[in-house]
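Enquirer: Could you put the whole structure together from the sequences, leaning on the hints where they help?
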Amino acid sequence: MIANPDTAHSHPAAPDAPSARELITARGGRVTRTRVAVLDVLRSAPRPLNHDQIAAELEAAGEQHDRVTLYRALDWLVEQGIATRVAGSDRAWKFELVRDTGHRHAHFHCQRCGRVLCLDEVEPALAGALPAGFRLEQAELVLHGACADCTAPPPTP
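Just so you know, we're using my numbering here: the sequence shown kicks off at 60 and counts up by one.
There's no promise every hint is true.
Derived DEER-like restraints, expressed as beta-carbon distance ranges [to be verified]:
| # | residue 1 | residue 2 | range |
| --- | --- | --- | --- |
| 1 | P212 | R126 | 34 to 44 Å |
| 2 | R131 | A85 | 18 to 28 Å |
| 3 | C209 | G87 | 41 to 51 Å |
| 4 | A85 | P212 | 47 to 57 Å |
| 5 | P216 | Y130 | 45 to 55 Å |
| 6 | P216 | V127 | 41 to 51 Å |
Rather than coming from a laboratory, the hints here were simulated on the basis of the structure. Beta carbons: idealized from backbone N, C-alpha and C, even for Gly.
Expert: Structure below.
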């Protein structure tokens, strides 16, 4: 069900996927350096990232930003449906790009180490359960437990 946890969320963008600038413009947003850079980070991320991880990726790419601007950019991307939030037990949101492929999947959150893994074979099928006339706009399924690394017995000396 899960491949390598570090690449389990690798859903490359389609070759004809719009650029970050095109996505922002299509939503009527102002194209800013931070929004473009954050979208680029989320596009290349193998798994959902928290604010600090995104900030570290931006810094590694030489992008200057401040915490408030980064929070605002992430909030805007979520409000526009470009990115989504995944809850973590450390009360820190993790963010991922919304793929326009129609693919939905669940997440597994390790409550010991905090890692979030994507479960590509577990698709929330909630739309069919809604009453007539209702429309599902967003669904989040997060399973909580302990990952294989955290439950592995310690090595014997």
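Enquirer: Holds or violated: 45 to 55 Å for the Cβ distance of P216 and Y130?
Expert: 46 Å, holds
Enquirer: Cβ-Cβ distance between P216 and V127: within 41 to 51 Å?
Expert: Once the Cβ atoms are compared, 49 Å apart, the range 41 to 51 Å for V127 and P216 holds.
Enquirer: Between C209 and G87, is the Cβ distance one that fits in 41 to 51 Å?
Expert: 44 Å, holds
Enquirer: Taking the Cβ atom of A85 and the Cβ atom of P212, is their distance within the range 47 to 57 Å?
Expert: Roughly 51 Å apart at Cβ, these two residues keep to the hinted range, so it holds.
Enquirer: Is it true that R131 and A85 lie within 18 to 28 Å of each other by Cβ?
Expert: 19 Å, holds
Enquirer: Is the hinted range of 34 to 44 Å satisfied by the C-beta distance from P212 to R126?
Expert: Given about 40 Å between the Cβ atoms, the range holds.
Checked against the numbered hints above, the structure breaks none of them.
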